[in-house]
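There are 6 protein chains.
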Amino acid sequence: MILAEMTWKEVEALSRDTIVVIPTGSIEQHGPFLPTATDTLIATAVTAVVEKQVSDQVMVTPTIWLGASGHHLPFAGTLSASVTGYVETLTSTIQSLAKHRFHRFLIINGHGGNNEPNGITLRQIKEQNPNLTLGHRGYYQFAEQVIAETLEGSIKGIQHACEAEVSLMLHLYPEKVRKDLIRDDGLRPVTPVQSLVKGWDEISEEGSFGFATLGTAEKGKRIFDACVEGIVNEIEAIHAGVVYRGIF
Amino acid sequence: MILAEMTWKEVEALSRDTIVVIPTGSIEQHGPFLPTATDTLIATAVTAVVEKQVSDQVMVTPTIWLGASGHHLPFAGTLSASVTGYVETLTSTIQSLAKHRFHRFLIINGHGGNNEPNGITLRQIKEQNPNLTLGHRGYYQFAEQVIAETLEGSIKGIQHACEAEVSLMLHLYPEKVRKDLIRDDGLRPVTPVQSLVKGWDEISEEGSFGFATLGTAEKGKRIFDACVEGIVNEIEAIHAGVVYRGIF
Amino acid sequence: MILAEMTWKEVEALSRDTIVVIPTGSIEQHGPFLPTATDTLIATAVTAVVEKQVSDQVMVTPTIWLGASGHHLPFAGTLSASVTGYVETLTSTIQSLAKHRFHRFLIINGHGGNNEPNGITLRQIKEQNPNLTLGHRGYYQFAEQVIAETLEGSIKGIQHACEAEVSLMLHLYPEKVRKDLIRDDGLRPVTPVQSLVKGWDEISEEGSFGFATLGTAEKGKRIFDACVEGIVNEIEAIHAGVVYRGIF
Amino acid sequence: MILAEMTWKEVEALSRDTIVVIPTGSIEQHGPFLPTATDTLIATAVTAVVEKQVSDQVMVTPTIWLGASGHHLPFAGTLSASVTGYVETLTSTIQSLAKHRFHRFLIINGHGGNNEPNGITLRQIKEQNPNLTLGHRGYYQFAEQVIAETLEGSIKGIQHACEAEVSLMLHLYPEKVRKDLIRDDGLRPVTPVQSLVKGWDEISEEGSFGFATLGTAEKGKRIFDACVEGIVNEIEAIHAGVVYRGIF
Amino acid sequence: MILAEMTWKEVEALSRDTIVVIPTGSIEQHGPFLPTATDTLIATAVTAVVEKQVSDQVMVTPTIWLGASGHHLPFAGTLSASVTGYVETLTSTIQSLAKHRFHRFLIINGHGGNNEPNGITLRQIKEQNPNLTLGHRGYYQFAEQVIAETLEGSIKGIQHACEAEVSLMLHLYPEKVRKDLIRDDGLRPVTPVQSLVKGWDEISEEGSFGFATLGTAEKGKRIFDACVEGIVNEIEAIHAGVVYRGIF
Amino acid sequence: MILAEMTWKEVEALSRDTIVVIPTGSIEQHGPFLPTATDTLIATAVTAVVEKQVSDQVMVTPTIWLGASGHHLPFAGTLSASVTGYVETLTSTIQSLAKHRFHRFLIINGHGGNNEPNGITLRQIKEQNPNLTLGHRGYYQFAEQVIAETLEGSIKGIQHACEAEVSLMLHLYPEKVRKDLIRDDGLRPVTPVQSLVKGWDEISEEGSFGFATLGTAEKGKRIFDACVEGIVNEIEAIHAGVVYRGIF
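Here the protein sequences line up with chains U, Y, A, D, P and L, keeping their order.
Throughout the first sequence, residue numbering follows our numbering, covering 1 to 248 in sequence.
Throughout the second sequence, residue numbering follows our numbering, covering 249 to 496 in sequence.
Throughout the third sequence, residue numbering follows our numbering, covering 497 to 744 in sequence.
Throughout the fourth sequence, residue numbering follows our numbering, covering 745 to 992 in sequence.
Throughout the fifth sequence, residue numbering follows our numbering, covering 993 to 1240 in sequence.
Throughout the sixth sequence, residue numbering follows our numbering, covering 1241 to 1488 in sequence.
Hint data in this document are derived by calculation from the structure and do not stem from the laboratory.
All values derive from a computational prediction rather than experimental measurement.
Please note: incorrect hints may appear among the correct ones.
[Said to hold, decoys possible] Distance condition first, Cα-Cα at most 20 Å in a straight line; then the derived PhoX-like pairs of lysine-lysine: (1) U/K99 to A/K717; (2) A/K675 to A/K622; (3) A/K672 to D/K843; (4) A/K694 to D/K843; (5) Y/K300 to U/K176; (6) Y/K300 to Y/K427; (7) Y/K374 to A/K717; (8) U/K9 to Y/K469; (9) L/K1416 to L/K1461; (10) Y/K374 to Y/K347; (11) L/K1339 to D/K870; (12) L/K1292 to L/K1396; (13) U/K221 to U/K179; (14) P/K1044 to P/K1190; (15) Y/K374 to U/K198; (16) L/K1292 to P/K1168; (17) L/K1416 to L/K1292; (18) L/K1366 to U/K198.
[As the list claims (entries may be wrong)] Quick list of simulated restraints, FRET-style, between CB atoms: (19) U/V49 to L/N1369: 54 to 62 Å; (20) P/K1213 to A/Q624: 31 to 39 Å; (21) L/D1257 to P/E1194: 50 to 58 Å; (22) Y/N377 to L/K1339: 39 to 47 Å; (23) D/K900 to A/E501: 28 to 36 Å; (24) Y/E397 to A/E645: 45 to 53 Å; (25) D/E946 to A/R679: 58 to 66 Å.
Glycine included, C-beta positions come from ideal geometry on N, C-alpha and C.
With these hints in hand, go ahead and build the complete structure from the sequences.
Structure, rendered in structure tokens:
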């Protein structure tokens, strides 16, 4: 079910075991060849297909498109939420529906920079409302193996305006990709230093990071389908009342 | 121009006299016959047509769909931002682009409950950044005379899931209107008391307020076109550097 | 009843149906001829006369004199609350008395810039405490018709250090008006642009706005009496348990 | 000079070496015999007389009457600011005038519970604005020796609705004192425990604390005059540019 | 008992009448001869000895070492909490254990600058949780008479990197004192001005204040033992259920 | 160098290329056999040995022991910071030293729950201060391969009161381990659901998680030494001015 399309009486009539699915994205620079809404578009598209497959188990909210993108602000057109604002927006969305007695919430995230604020927000809500079921994950984390197998470049996970994202956009919205401007970016490394937080202008010449030139619509379809399948499995398990319980 | 569709280099190339247009809406109950996204849909649609007419003078951001809707929370499916969250989201959107040296911002609002927080937010930003040009207004405030002339019911302004909003939705998205469920709502008055803030469950039986049954697609078109025209005029005046200067 | 004059036992003895009346004003520039406390003085004076007429139905708090006046800060002597501070002050005042089981609160506002924060504050409190009766309004909004009929200038509503405010001050505190310095202010308009928030230095030469030179004590008395009458009617209706219920 | 009485041009014309004096009080229970505004009334009265004596050296703001009075909330009619709200109100008052280039601020406090938030507020402002001269003190701290000599009861400092406060009110506002209801309060001690913060209902039967029955107008006059003299001396020293410089 | 050393089951097994003792200190400049941790070291040491004497009546938390030290920031190596951060840290510490049903909390403070935020924090918590027993005090306030009798310089109370603190450090951690660099500091006074808040660079040449050269280990021992004794007495009284009840 | 041990003049004399190292830990339940301070103890011990090896390149602050531990609050003795408080404490620590012109900061974290707030805090500071070098990482992340090779249980990474933590504590503080109470914990899994945030009482019987019974001091030494080596390498690289620059 799609919240934005429903009347309040239709929402009222839903089972409260319905899982509220909240897509999160960003409006931020994606190099000279992908639009600023890339993360929002992909998270929204993945969630829309998921919704069609398990429509009776979910209610999807609109996509939170203002992400935590401070590291991309050096590039024009990037919008970034403050931490306070991001946490408040997500919390209000969940708390509003919790007042209507929904108790299961799953965030499908399209922007890596949202992972930390998503986690912090849910942990805060969980501490105050231990009976809620709360989850979050990047859409790409549901298909890490397929992504690693699909990508040809030496980087085997999703980066930013990279082989994976270009592939997904060529699959979903080929008309939005400036194909003639696709380029690889990210300078040669000289050190294994791993702990630093960086502004994106410190690690990329023109805003992208990875082997964007290797992207194809076929790879995009394979990744997309795998993500959808992973999320559908997760939703069916949560809907069935299954929770993570151990280590063996 | 549409920010979400652009790459950062395309944004970078824009004139900084471009007016950033930010639509604001809500996800809130609109009676048993209109979808929760009604305000968001109308504000987005109005802005989209405006953008086509003055494309070289504006850059439109995505619509802020999480409104200040606490008074509608008694009805399921309503989402409401905290004041803090709403102000932060709007401020971050503006401040992000101000870092990129845009200096003109205009909010086109689709939800009456956002007017106060829109005003407060802009006043705060203006106080700290007196050189910015900042404006906000309900889309319906640009065509109040046409609205008054168009409506047949005794209420001559826009209310909530009313003659005007039903008309606009029948014009824009007739398939989203549950036509068989349209009803008037709002009880008979017994007093001129005017100062009270009310929960929407205190003034409506099923969430709407006004003569919804009088709505038609024709009225919707007339109102819609007048709003677009009014906003286009406002944008052209602001773009030309005209500011309000006096009382005569 | 006047809270500041009472002992706690006298407050304790009051009926909890008593309406708590909270005047709000400002300390802000009012041109070269009215004192900074003008809004505070008028709101306090109106409320004081109201209190005498319906003493057994109300308990008046001291006037909140630190208003939301950021748009007047370019002129010396203006004090302005932050939004956070204003909301907190008003909320604390109401919540303190709500702890003592008072449940009806009415703000009588003397400064237009407080309307938005007054509204936001009450909406927040109402959302959390739906059983409270909460209202706010400018004192001048209770007599709009009389004001329009009384004013001779082409502006038929209250502005700032204008015909209406000068008239009220000449009626209430003639010794505080620098009569020889009264002047009209506000430049000739060149556009109908209506959406912009403005610093007061952008729309006035010396801080006032309107036909101040047309002010007289007689007009002030007529306006003042009408405001008092309007507020007394509102209080009596609220005290009788009447609430706004509909649209016909 | 009295800010509330001045026009902005008169403020503008002041020397920026003028000391801004901010009285702080409370609206809180003062036993069955003193009005809730007692602290506000005394702080305001002391400051008013001081202003007359050193009018050319000071500009007095209105009294901040919403104090930090949470410990008195168990008694009806007490209003209490949140810490956030109190700090914001005081900070905004100072920062507004600092924008107009005033650089000396002195708080004259009438409510002991405000001392900690006054201190914290000024320390925060000082840290960010090291060139400002910022001071705060209870009015009674300027005359501790005279107070100790004047009081006949075994408590030699000011408490709450006590010998000293009753005396001051009998001197300043005898008509506001319910003389027939004056009583001593505060139970017999059984321990030297000194570190605890207490609700006022834990240490007083009816809200007062001390030997109120010993209060007289004569004692009030002696204390009042000594406080005024102490504050005038402080102001003259600050105005002369004297600052605390050492330990000998 | 020492919380950091215990397992959760050992904490769970404690009587809930156990007093939670929270030492608070600072990391701030203490002149050229004492380490930045001086306040933290002394508060921790005092509390540790107290714990040994009344082990079955207390549970000691780690020392809050980030104090409110903005006035010392002009000197390198000083760390200072924001007021918000300090209040939150202390509140979270108390609220966490209140969730486990502990209800008695006593702060032993080693840094004068923490007194105001300690007070404000406890007052806020007390207002919301009137059944909690909450106390705070400087360790030195439990032995003011002994301190006054012990000090030879003309200042009879504790200051900063002064005779008393040097003595305590020579007693507790002589190896941490740069004995050859000890010096008196604080300029000659020229005025009785008492109300001002000051940056420490305004009242000290090199960061200390007082007759540091008079410090000895013997004085330190006498003061230390007296503080321990005073705190032990306080704890035993609170543990016995004694509370402050009056004025005679 | 160790900040707590230094005088301000010694800090002042340091090269500003010195890396400020901030250990972060927690006070939270670690099952029935490890003390609540486990994370704090390990992070502090690792950092202390690192400091000895690269003393001239670092200045270590005290360990932030109040972690983000809300998920452990169901077990007694757990303390948890609010997100606001945690972020403020860390931000104040960094900003205080940034005022003294230090520009390199590295957090060595001992508690997994701090990773998200550490990341968010540094990203916020970086956005406002792009010239600062800011890093954070769990101590265990510097030796993931050695940890995986060392652990015998089927879990190859660090968990909570697990094989790795027991080993480290047996190596560092064997006297603090309740050896007779060591037990494995964490129930048998029935699902691959991975997205949920959980209270620790939902996934553990008595608070630990992993094969604690497999812990040995020898494993602890191997892990400890590898962590120290990894951190030393990171510090030397950062100190040499090396930053992460690319993807090949």
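Failing hints, ascending?
1, 2, 3, 6, 7, 8, 12, 14, 15, 17, 19, 20, 21, 22, 24
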